[in-house]
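S.K.: For the protein sequence lines, the chains are A and B, in the order given.
The first sequence lines up with residues 7 to 482 when you count with my numbering.
The second sequence lines up with residues 7 to 482 when you count with my numbering.
Hints were generated in silico from the structure; no laboratory data involved.
This one's a predicted model, so the numbers in the text were calculated from it and none came from an experiment.
Incorrect hints may have been included.
Identical chains share a label here; the pair holds if one copy fits it or two copies do between them.
Mimicking SDA-like on lysine to any residue, the simulated pairs with C-alpha atoms at most 25 Å apart in a straight line are [what the hints assert, rightly or not]:
{"no.": "1", "residue 1": "Lys155", "residue 2": "Leu104"}
{"no.": "2", "residue 1": "Lys159", "residue 2": "Tyr101"}
{"no.": "3", "residue 1": "Lys465", "residue 2": "Asn392"}
{"no.": "4", "residue 1": "Lys270", "residue 2": "Glu363"}
{"no.": "5", "residue 1": "Lys128", "residue 2": "Ile21"}
{"no.": "6", "residue 1": "Lys270", "residue 2": "Glu478"}
{"no.": "7", "residue 1": "Lys132", "residue 2": "Val44"}
{"no.": "8", "residue 1": "Lys155", "residue 2": "Asp110"}
{"no.": "9", "residue 1": "Lys119", "residue 2": "Ser150"}
{"no.": "10", "residue 1": "Lys248", "residue 2": "Thr195"}
{"no.": "11", "residue 1": "Lys423", "residue 2": "Ser150"}
{"no.": "12", "residue 1": "Lys155", "residue 2": "His123"}
{"no.": "13", "residue 1": "Lys248", "residue 2": "Gln12"}
{"no.": "14", "residue 1": "Lys155", "residue 2": "Leu38"}
{"no.": "15", "residue 1": "Lys119", "residue 2": "Gln278"}
{"no.": "16", "residue 1": "Lys40", "residue 2": "Gly69"}
{"no.": "17", "residue 1": "Lys155", "residue 2": "Asp98"}
{"no.": "18", "residue 1": "Lys128", "residue 2": "Ala139"}
{"no.": "19", "residue 1": "Lys40", "residue 2": "Val419"}
{"no.": "20", "residue 1": "Lys155", "residue 2": "Tyr101"}
{"no.": "21", "residue 1": "Lys248", "residue 2": "Glu196"}
{"no.": "22", "residue 1": "Lys119", "residue 2": "Ser427"}
{"no.": "23", "residue 1": "Lys155", "residue 2": "Thr105"}
{"no.": "24", "residue 1": "Lys390", "residue 2": "Glu236"}
{"no.": "25", "residue 1": "Lys155", "residue 2": "His112"}
{"no.": "26", "residue 1": "Lys159", "residue 2": "Thr105"}
{"no.": "27", "residue 1": "Lys270", "residue 2": "Asn167"}
{"no.": "28", "residue 1": "Lys248", "residue 2": "Ala162"}
Protein chains: 2
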Amino acid sequence: MKLYEQLFDELINRIEGGYYPVGSRLPSIRALSKERGVSISTVQEAYQRLEESGYTEVRVKSGYYVRARGESPELPDVSRPVQRPLEVTYWDQVYHLLTGSDSDGHIAFGTAKPDIHTPTLKPLLKALTNSAACTSEDFLNYSSMHGSKRLRKQIARLAVNSGCNLHPDEIIITSGCQEALMCSLRAVTEPGDIVAIDSPSFYGSTQAIKSLGLKALEIPTHPETGISIEALEMAIEQWPVKAIQVTPTCNNPLGYTMPEGRRKELLRLAQQCDLPIIEDDIYGDLYYRSPRPKTIKSFDDEGRVLLCSSFSKTIAYGLRLGWVAPGQCTDRVLHKKFISTVSSPPIQQEAVADFIENGYYERHLRVMRQQYQQARDVMIDLVKRNFPEGTKISFPQGGYILWVEFPIEVDSVKLNKLLESRNISIAPGVIFSASGKYRNFIRMNFSRVPDEKIKTALKAVAEEARNLMLEETVPE
Amino acid sequence: MKLYEQLFDELINRIEGGYYPVGSRLPSIRALSKERGVSISTVQEAYQRLEESGYTEVRVKSGYYVRARGESPELPDVSRPVQRPLEVTYWDQVYHLLTGSDSDGHIAFGTAKPDIHTPTLKPLLKALTNSAACTSEDFLNYSSMHGSKRLRKQIARLAVNSGCNLHPDEIIITSGCQEALMCSLRAVTEPGDIVAIDSPSFYGSTQAIKSLGLKALEIPTHPETGISIEALEMAIEQWPVKAIQVTPTCNNPLGYTMPEGRRKELLRLAQQCDLPIIEDDIYGDLYYRSPRPKTIKSFDDEGRVLLCSSFSKTIAYGLRLGWVAPGQCTDRVLHKKFISTVSSPPIQQEAVADFIENGYYERHLRVMRQQYQQARDVMIDLVKRNFPEGTKISFPQGGYILWVEFPIEVDSVKLNKLLESRNISIAPGVIFSASGKYRNFIRMNFSRVPDEKIKTALKAVAEEARNLMLEETVPE
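Chain A on its own, in the form it takes in the complex (with noise of 0.2 Å):
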């Protein structure tokens, strides 16, 4: 046996023996190498073997780390949603999860929050405290409809970053994505209007819908690829579509990442149609690996896409602190947003801007896409051991949601009830779909580390599962 291959049987049992448990760094090759007296090139073979086994994962500028063990957890199937447009319904569910429980000791798996417990965001505080301190009267009257300038070059700029050119002038400040995609949306449609959109869906672009008089029609979309580009061109030669609207990068349930040939067919499509995209890309800085993929609207020489993103969820929730890049339809949205709120408030908006300016964001970003993917994998490992059999569970390239799909019998708004006395709550399917759709789903956070606490809450989950199966067996 080789020197390498002993490296590499011992660090096996490590890993297995719970030594370095998923989602933990290995040591660095210069520090095993000198820790077990072997040449560095030993080392870099031994671990190329873990990675080529699958029992550890490649980070840029950052080493190597335990995977999940095993064979990879079964991908939910393809979606099959019903097909023809829908009112959408399900807002009790979601003003329950929005409302839910604030009390000590509450384990909220349904909301979709970073963590903000990270000091990467200390200059943040710092910058809101000068911008709110500098908030002499005149700030106060602060007013432009399209926001900050400062803080639309800075987006302008990031926006490289996905392959796209944007001048700061195509951008609006909106308070939050909410706004960005409801004024896209108003922007498109008329009332009775039919809105295609991948499926599951983003409850907050579904209800939109529902409150703008629009029909959803859900696209079948895979775990893996995205929307069905082949079922949505029959959708649109079917019904009168007047609009599409996707989430291409690290999707809200559903966690994948559309390769780029598709984001182009997709664009096809739309031009061929003569119809506008609007891109949700709220997650996609948060795609694990580097560089991040180029959104749909880095594609589109014609401002067909009309491109929504925002802070809520790469820095914090509670900055409601959005924007759009509306392409064609510029002066359109600015109306929507003049209606809806006029302008944004400056303090959050400077406080972005020299967060931005200054590289902490950059910084933060590199830091929190590495915690979101080592929970990523903590978390798999958890659900795969403790949640019944036939589960199946997305794989996310980036951000912190899982969507998890139980047997059949389990109803995922039953469950979040029996949870409520355990003090846990989780994001039922039922509200990422138009037709009650995906009702033994759920969606799931793992912005943290599972500690604790988060292992038993998981647990509890489980438990709770299993007995609405066992319940639906028992003939009563």
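Mind docking chain B on chain A? Use the hints.
M.R.: What follows is chain B alone, placed relative to chain A:
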């Protein structure tokens, strides 16, 4: 001649000679009695005669102020808008107003922003800094859809001043009054519906009506008593009106404050026809006298009135902090708020809650009301003395907005264009109508007592208006 008559004549001479200019405060009774060596009662008698003769007016807890002299200027006529539902236009003019020059020395008569250069706002600036500083990480994730409980408690407490008994849970915090109006409109109408509005009417709400696919039915409105209830009743008989929207207190732009009896009549009519009322109270706390008028909401025991307001006019525009008490429609409005912006940022909410809790808000209001009342008198006097003969002027009882009716030859859109080169802007009347009426009207801000710069600018407005009148009368 009695001693008080002698004093009375002397004071008139001082006022007419400009020694006590319009808007200035007379010496206190005690001070004048000491200065002139006459009894307190002699001064009191002289002051009372001055008031009865229209030279001065009493302001609560403040003293006697010199009023605009001579005869009151004529009020604008009762409006006679087109008596059918109309699509709203003139967005280009609104856009122009809102994105106007910010260059040095620009005089923006058109905007409706409060004076924020006042020491009474210092505690707010401090509260903002504190609020941002203690925006510990948790604060950044704050996300109540309803808004800060602490702020809602204060709003409920203040509502008692307008006769309202509100529970904090009946209040939803919004991103400015615009979002409150928008969510209210959306909660009580469907696209295609007709909304009856006072006329002239705030462009933010008429633009919202336009954008929502609604039609505005403009009701004749009296410059002192507000919307004509008789005309409204006839309109409701003729058209399928779905909601009534009014600004009964310190109306923007017309300046009227509906008498209490008319408010009750309006509510009665709404009850008879089973219609909701959207009541915009944004200037309500700036009513000059005390107590401020009761809201229509205060007489409503069915939850028929959706009361909308904001701190944009009373504190500062840049806070983007409003609220709505939607009565029966609370759930519907909350859904509209969710899809609009989900929730509003916490920093401003907590700072304003702090500002109110510590009594600073009410102190600030007392000071601003006096400033605005004084500024009104000076402004009206200046307009009267400078503007072309035949100009009519509103006489607002609160706030800082003047509605000026020029002779018919003056096209205010053209006027605005002419003023551009002089670095002055006004709000042209057309944006306050759905039907392109009020072309010879302008709205002017008087949030600060006019200084020499403003006086010069006012003369420029008058000059260009006269030029337009000449152009119109000279045959080409």
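S.K.: Between copies, within a copy, both or neither: which fits Lys128 and Ala139 at Cα up to 25 Å?
M.R.: both (17 Å within a copy, 11 Å between copies)
S.K.: At most 25 Å between alpha carbons: which applies to Lys155 and Leu104, within, between, both or neither?
M.R.: Classified as between; 16 Å across copies, 32 Å inside a copy.
S.K.: Within, between, both or neither: how does the pair Lys423, Ser150 come out at a Cα-Cα threshold of 25 Å?
M.R.: between (45 Å within a copy, 21 Å between copies)
S.K.: Could you figure out if Lys270 and Asn167 sit no more than 25 Å apart (CA to CA) within one copy, between two copies, both or neither?
M.R.: Answer is within; shortest intra-copy Cα gap is 18 Å, inter-copy 60 Å.
S.K.: With identical chains, the pair Lys119 and Gln278 could be close in the same copy or across copies; at 25 Å between alpha carbons, which is it: within, between, both, or neither?
M.R.: neither (37 Å within a copy, 48 Å between copies)
S.K.: How do Lys119 and Ser150 come out at 25 Å by Cα distance, when the copy is not named: within, between, both, or neither?
M.R.: Between copies only: 13 Å across, 28 Å inside.
S.K.: Tell me, please, which holds for Lys40 and Val419 at an alpha-carbon limit of 25 Å: within, between, both or neither?
M.R.: neither (54 Å within a copy, 80 Å between copies)
S.K.: Reference check for the pair Lys155 and Thr105, CA-CA at most 25 Å: within, between, both, or neither?
M.R.: Cα proximity of Lys155 and Thr105: across copies only (13 Å, versus 34 Å in one copy).
S.K.: Between the shortest in-copy and the shortest cross-copy C-alpha distance, which are at most 25 Å for Lys159 and Tyr101: within, between, both, or neither?
M.R.: between (36 Å within a copy, 22 Å between copies)
S.K.: How would you label the pair Lys248, Ala162 (within, between, both, or neither) given a Cα cut-off of 25 Å?
M.R.: Intra 28 Å, inter 44 Å, cutoff 25 Å: neither.
S.K.: Could you figure out if Lys155 and Leu38 sit no more than 25 Å apart (CA to CA) within one copy, between two copies, both or neither?
M.R.: neither (50 Å within a copy, 55 Å between copies)
S.K.: Up to 25 Å between alpha-carbons, please classify Lys248 paired with Glu196: within, between, both or neither.
M.R.: Cα proximity of Lys248 and Glu196: in one copy and across copies (9 Å, 20 Å).
Of the numbered hints stated above, those contradicted by the structure are hints 4, 5, 6, 7, 13, 14, 15, 19, 24 and 28, listed in ascending order.
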